[in-house]
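Trainee: In case you want the letters, here they are:
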Amino acid sequence: MIIKYSVVVSPSLKANQRQVTTTMPESTKMKKPDVKIVILGDMNVGKTSLLHRYTERKFKDTISTVGGAFFLKQWGPYNISIWDTAGREQFHGLGSMYCRGAAAVILTYDVTNWQSLAELEDRFLSLTDTASTDCIFAIVGNKADLTDPHAQAATSGGGQADAELGGVQTQPLPACPTPPASPLLNKQVSKEDAMALYGRVLRYKGLEEKTSPPAEKMCFETSAKTGYNVDMLFETLFDMVLPSILKKRREGENSTVDLEESRGSKRTKAGCCA
Amino acid sequence: MERGNQENGIREEVKTDEPSSLKCTDQTVSKELTRTISSENHINSEDDDALVDENGMKASQERPLEPQTKDSTADNHLETEAPSDGRKEEETVDLPALSSVDSAGAHSLSISEDTTDSIHDDSGEFVVTMLARAKLEEQGMGVKGTSSPLLETGTAVGNPAHQDEDVTTERWRQHRKHVFVLSEAGKPIYSRYGSEEALSSTMGVMMALVSFVQSGDNIIRSVYSDEHTVVFMQRGPLVLVSVSSSRQSEQQLRTELLYVYNQIVSMLTQASIARIFEHKKNYDLRRLLAGSEKILDGLLNLVDSDPSFLLSAVHCLPLASSLRDSLSQILQKAITPNLVFSILIAKNQLLTIVQEKMVIDDARLDPSDLHLLLNLIGASSAFQAGEIWTPICLPNFNPDCYFYAYISYLDPPECTVCLLLLSTDKEAFYAVAECKRKIEEAMQSQNSLTAIAKAQSYSVSQVGVSDLRHFMYKPFDVPDNYRQLTQFTSPEMEAPYCSEEEKMRLLDLYRDMHSRIHSSSRPLKLIYHVAERETLLAWVTSKFELYTCFSPLVTKASAINAITKLLRWIKKEEDRLFIRYPPKYSTTPNPSKSSRGGKGGADHTDSTDNGVLPLL
Ligand SMILES: Nc1nc2c(ncn2[C@@H]2O[C@H](COP(=O)(O)OP(=O)(O)O)[C@@H](O)[C@H]2O)c(=O)[nH]1
Ligand SMILES: [Mg+2]
Numbered sequence: 001m002i003i004k005y006s007v008v009v010s011p012s013l014k015a016n017q018r019q020v021t022t023t024m025p026e027s028t029k030m031k032k033p034d035v036k037i038v039i040l041g042d043m044n045v046g047k048t049s050l051l052h053r054y055t056e057r058k059f060k061d062t063i064s065t066v067g068g069a070f071f072l073k074q075w076g077p078y079n080i081s082i083w084d085t086a087g088r089e090q091f092h093g094l095g096s097m098y099c100r101g102a103a104a105v106i107l108t109y110d111v112t113n114w115q116s117l118a119e120l121e122d123r124f125l126s127l128t129d130t131a132s133t134d135c136i137f138a139i140v141g142n143k144a145d146l147t148d149p150h151a152q153a154a155t156s157g158g159g160q161a162d163a164e165l166g167g168v169q170t171q172p173l174p175a176c177p178t179p180p181a182s183p184l185l186n187k188q189v190s191k192e193d194a195m196a197l198y199g200r201v202l203r204y205k206g207l208e209e210k211t212s213p214p215a216e217k218m219c220f221e222t223s224a225k226t227g228y229n230v231d232m233l234f235e236t237l238f239d240m241v242l243p244s245i246l247k248k249r250r251e252g253e254n255s256t257v258d259l260e261e262s263r264g265s266k267r268t269k270a271g272c273c274a
Numbered sequence: 001m002e003r004g005n006q007e008n009g010i011r012e013e014v015k016t017d018e019p020s021s022l023k024c025t026d027q028t029v030s031k032e033l034t035r036t037i038s039s040e041n042h043i044n045s046e047d048d049d050a051l052v053d054e055n056g057m058k059a060s061q062e063r064p065l066e067p068q069t070k071d072s073t074a075d076n077h078l079e080t081e082a083p084s085d086g087r088k089e090e091e092t093v094d095l096p097a098l099s100s101v102d103s104a105g106a107h108s109l110s111i112s113e114d115t116t117d118s119i120h121d122d123s124g125e126f127v128v129t130m131l132a133r134a135k136l137e138e139q140g141m142g143v144k145g146t147s148s149p150l151l152e153t154g155t156a157v158g159n160p161a162h163q164d165e166d167v168t169t170e171r172w173r174q175h176r177k178h179v180f181v182l183s184e185a186g187k188p189i190y191s192r193y194g195s196e197e198a199l200s201s202t203m204g205v206m207m208a209l210v211s212f213v214q215s216g217d218n219i220i221r222s223v224y225s226d227e228h229t230v231v232f233m234q235r236g237p238l239v240l241v242s243v244s245s246s247r248q249s250e251q252q253l254r255t256e257l258l259y260v261y262n263q264i265v266s267m268l269t270q271a272s273i274a275r276i277f278e279h280k281k282n283y284d285l286r287r288l289l290a291g292s293e294k295i296l297d298g299l300l301n302l303v304d305s306d307p308s309f310l311l312s313a314v315h316c317l318p319l320a321s322s323l324r325d326s327l328s329q330i331l332q333k334a335i336t337p338n339l340v341f342s343i344l345i346a347k348n349q350l351l352t353i354v355q356e357k358m359v360i361d362d363a364r365l366d367p368s369d370l371h372l373l374l375n376l377i378g379a380s381s382a383f384q385a386g387e388i389w390t391p392i393c394l395p396n397f398n399p400d401c402y403f404y405a406y407i408s409y410l411d412p413p414e415c416t417v418c419l420l421l422l423s424t425d426k427e428a429f430y431a432v433a434e435c436k437r438k439i440e441e442a443m444q445s446q447n448s449l450t451a452i453a454k455a456q457s458y459s460v461s462q463v464g465v466s467d468l469r470h471f472m473y474k475p476f477d478v479p480d481n482y483r484q485l486t487q488f489t490s491p492e493m494e495a496p497y498c499s500e501e502e503k504m505r506l507l508d509l510y511r512d513m514h515s516r517i518h519s520s521s522r523p524l525k526l527i528y529h530v531a532e533r534e535t536l537l538a539w540v541t542s543k544f545e546l547y548t549c550f551s552p553l554v555t556k557a558s559a560i561n562a563i564t565k566l567l568r569w570i571k572k573e574e575d576r577l578f579i580r581y582p583p584k585y586s587t588t589p590n591p592s593k594s595s596r597g598g599k600g601g602a603d604h605t606d607s608t609d610n611g612v613l614p615l616l
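Top line first, the protein sequences correspond to chains D and U. Position 19, counted from 1, in the first sequence is what the working numbering calls 19; the numbers after and before it change by one each time, with no gaps. Position 321, counted from 1, in the second sequence is what the working numbering calls 321; the numbers after and before it change by one each time, with no gaps.
The set of hints was computed from the structure by calculation and includes no laboratory data. Each hint should be verified, as a subset may be incorrect.
Said to hold, decoys possible - In silico lysine-lysine, DSSO-like type, Cα no more than 27 Å apart, as pairs: (1) LYS438/U / LYS73/D; (2) LYS294/U / LYS58/D; (3) LYS73/D / LYS436/U; (4) LYS347/U / LYS281/U.
Claimed, not checked - Covered stretches of chain U (chain D as the covering partner; in silico rule of three or more C-beta atoms under 8 Å from a C-beta of chain D): (5) 284 to 291; (6) 455 to 462; (7) 507 to 514.
The beta-carbon is built from N, C-alpha and C at its ideal position, and this holds for glycine as well.
Pulled out of the complex, with its shape left as it was, chain U reads as follows (with noise of 0.2 Å):
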């Protein structure tokens, strides 16, 4: 709710301030955006170095990434919020006692809440107490295991690396960035690092300081020392925990967390995960997730590699429109009852999408959940010669219900072409196999595994501006194209982004641009950030949000004139870039059985009921 309410107020803020004039044709392109830029500085001069000074900063000075956090000195900062009460009214209780540099003991606490109860001082200080503790436990996660630790990752046989790694070393602590879910009754479920049962203390202190700061009617949701951000989220019974160093915001973290859930949710169900926690408040629900760890491991990886999950769209292979075309033509044509997508993917990118009318008109496919569809097929590519049927919940979709997914791949033994099926009956393997069948031999017919070998990402220096090294386009909804799935264009990584290292760097100065464009306090339009290896400009308006990364030399004038002729390239090219306009088909007469829960109430989701009793 919070989130939406802070679009809400970018969207706002754009409307207000940008004339109509911001149509991208080419000359009001640069007028506008000088003059964006002038009034940003001006709007937002009261004390944001990191967006004025920096466009007069010396190019040698490389800022560090902050979080937009005021305080992100060395203070401890603990954010709550009253459960209740959607709209967030900050009031920060300092600590003077505490606010030394010494930042073991300092901390500072903001807790947000309806009343101004003073009861929640005296928690206050009791919060903090756990804070330190929570601190503690942080560093010394192993002081506190180390007995059993050890001793319980020896014995467990056949784990992935990463899962018998020792939580009591340094090199387990250093992680840039740390996932754990638990369950309400503290037992863990997930560790993105080390066993869960090492960290079965760990993950115990933290449940303990979720309900401690429930029971005073508040939510806990972020933890912020100097080096870290901890961000909980708590959804139904599961409990979700991401301790960060990677400098992002809260809001992103926010973000990640919920994707995990999403996959888990993908997996089990919303309904069904509420009602084994009903049944059972502290079932280990790892035995049904077991096996699953490696998509959470995967998933995880992509989030902090591909910038599809910061910005919530989805990448699209270029492809010559007529072949694209072609491709949907084929699915279109190879339906049975009950299918409702038909998606056909190249190396992990989306080559076309074809939905079920009905289901288009009740709802398009969330980006997030074509995202984790993608993890899957990541995480199930391994033994490529099957054909998978799986049950699968589009949590964006329908939290509490199973599609059935056929996922095959058409060009074995490569396995990059990969085609995905998704039907509302269980039973349609078969029938839905045979679709494929079909679309095999008209792609075998026209030749498409060939063409489709050839597509490929592009480079930006096809665009032909010679200081611009990458950018991101992600162009918003329009009127005519409302219920179109949200998408970004971006070139390759090229030099000097080539290594793992220097990858990452990008992504994240880019997801700072981002976190400071979405920053709820203070939402930005436009970004010019000189830092010592690279210029960024970050820019949204009511028809796209762009991140574009120059060499350091730039001038403002030539990013201006580069950005003017990138959204004229884009412009040309989007029938290459994009699915434009996506395509129907129609199997399902009677959409109101395969449309959106909340319609039908619990018997609705009895799908899942087979078997939970019993595993209870």
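Okay, chain D solo, but in the shape it has when bound (with noise of 0.2 Å):
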């Protein structure tokens, strides 16, 4: 596929490269990621509502992601790149951009809809290819305070109190002292089934069950809405992805060798429709 769009590089472009590179003022350099996490999974299973749960202490209802959005996350000394990404990756074929040498990669599904997590394997997977090759990989099922009581009530994820919840249940309804809770859904994906995935997943990698991390620590289930488990998400996958950054952090004292530097540069894609 990706012979398609590449370009025999001209002599012209090589010198225009160069230049550009030659005169780009070491000062202005980004922060480089040290790691990078993408979060992947169908449209509206809530990715993007984990995240912003995650960054922001909210649950809002967010507009449509288009594309790929690219957060730096500061943690600790450490500088963590999430990659929120849309559901239609594979249609325009940006997914292995995103997933490039990704040190983790959060699959989303949500726990009301069975075919979001069957969409995982069949659609999904695939676009990790590029990630790299000691990827660690998160099996999440978010939504899980509409099938679950215990995810009602916020464990994490910045507390109970997020701001448009709170503003609902105290508004004044005198003849309905606490509104119930809402009623709550058929739960279509088990835990069980998010687990033999996991193991499905880690096939697929051609990893071993025994050196990966168990399926019990790495299958979540989350709540956006309430913050259920999503602290405890990113902050365990933080610190699982703490020896990549340290071995690439030693890696690349002097080089310049980047995973995140896309390989493309080296074969210009030339045009949108080249």
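With the hints as a guide, bring the two chains together.
Mentor: Below, the structure written as structure tokens:
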């Protein structure tokens, strides 16, 4: 596939590139992200809401994600980049770019929607081919608040008092003292299903089950709405990618090799339709 | 095509009617304008009360704005057009038996076609029946759907408010303008109000109508009833329908539908839409557009409220030319290979745009593509901390290929100044993000953000003409800036146009003037419209298009005088109001690779190939 867009580099282009690189003052270089995490999954499973809950401590009606959105999160002394994606990646072929060199991939589904789990395997797993070879996988069932009473109270992720929800609940409703918790929906995906998928992901990636993190640790049920398990998810992953950060820092000390720097810079993609 | 013809027609008329003296020098303007007004009266006096009589009409009598069609009475009116024949020859088939005032049953048909085959008289009657059914459907969209829609809307979890709207209610029916998108197979793709599922039977009827007329080798174009105009548009495998009570012209509604179509293309490309439906005729395109409804909703809201869409021109933020130049230079310096457009936006208006040299030679950025981009930015702004990298197709540039857009705000947390960088290389995110870093740094050192923050739209009072309340001025291409982006300038809407309703009312007046100026049957160059609450004057010349709104007390003579002053003021301020000389840079040494479609054929659209099949 890629071959189709690659174009033989013309001498003038090389010259051009070299010039650009050499005139770029070192001081303007961005803080290089130490590590990359990608959130994948079908549209509407709540990827953006999860990230929003984690970074902004809020749940609000997010606006649909276009393409991919890149975030830098400061984690102690490290810069962690997180790509939030739209869920249409394999359609326009940018998925591999978002995933390139990723140290962790969050495969997200909606616990009330069996299809969203199936899509992970059918459509999204193959996008991770460009991820780092020691990439860590998390399987995340979001919207747990819709199916599990215990997920309706927040355990993390900015506490229970999220502004919007709190506002709704404190509205004076004399006739009805406490609004009843929304009726539970049918849970279509059990945690066991997710763990089974985790096993298949490892097999697909050719990873040993024994040396990989266990399924119990890597399968999460979350609610971006209440914050349930959200901090846990991100912080567990951040801790787990620390070794890759250190490794990368060591390797990257003086060399310019950078996983993020696309290989495309050597083989220039010329033109949107070339 | 039809539209092109129209425009030629208008321009031609302008050319022949107007002596070369129509340069905007002060003395000639008023003379010219006076002359045009009086000759206009003469030229169009036959039956146009809207034009002539209004001039002398009592100011107290506010005329309802009427669609330009002659028979906008109770009759329903269907126009069809033969597809192969670009020229539109109208032939009105009146059905006398039905043309009573009884609006439910009254229809008149005008079918244009190349042959006067009598078959179509039969089909005509059938279409009337279909139409009556469509009308019924339209009134009782709920009636047919009652059983399922309620249930279906009930189960739609997490949909935004209007998607949940009950399509059986009066409120749903009362929306000023409905827009539907469906596939040729009649599958719902998008509805502006209410969920698509709940409307599937309605969409089915629309599709039946479209395909029935098609089977007679005609294309259904529009249906008029006393309250609604229904406009159909087919583009490839998609059918778009607008049901409007806004009294806009068919042409305007059609242009709006084209925006909707192009926004869909901007997300998927035309080639892949075609390919998807080739593979599977009844594919549910919502699978690919899920989550994009808000982008289309946002577009339709903008179309209703932002005159840029009406004028097909870009509104740029007034800025001292020295500041605009310095911003352009900052953008010009921050480049990377395959970067083709650098665009700076503040408060949803253009600050500056820099284009790749080869690209600008090859094609200029169409204003409507820029509108689609601005809408996309607006729709994605909820989560403003991040940097966005997304494939985006510019349908007027090349409907079959993607650009890759980098979108980032430069002034978090306010997020009013937005940088948009377009590359042809999908892998270029980090390189392009680096350009942003440079731009940010340069802007910081020049304190540009503070200067930009001070920039704002202007008040009409700055023009210094007492009776002038508002205007929109759109200069046309002139030879020395031929590749210029089409722009217009307009002051803030101020009292009495402060409330949303009043703003909309003024826009509606402008829309009506616009549709009459651009009427295909009888284009006008000048309209002087006296209404109860204001007086409007619209004027189109070979150099510009101008819409002005005066207080109702203005006299014709003082209006002419005011326009003279206004044109003089614009001339004086033009460096501030417009981007005069769009700057360029060079990043793509091999332009033929990055340019417009058509050259390379199908294999050039392969970037969309990945994964299309697995989706089907
Ligand atoms: N009940 C509930 N709704 C959620 C949750 N997370 C997201 N949503 C809703 O699901 C919809 C899609 O969320 P979004 O974050 O845009 O999904 P994305 O397409 O995966 O990014 C939105 O209407 C959210 O409000 C959750 O944990 N619980
Ligand atoms: Mg999202």
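Trainee: What hint numbers does the structure not satisfy?
Mentor: 4, 6 and 7
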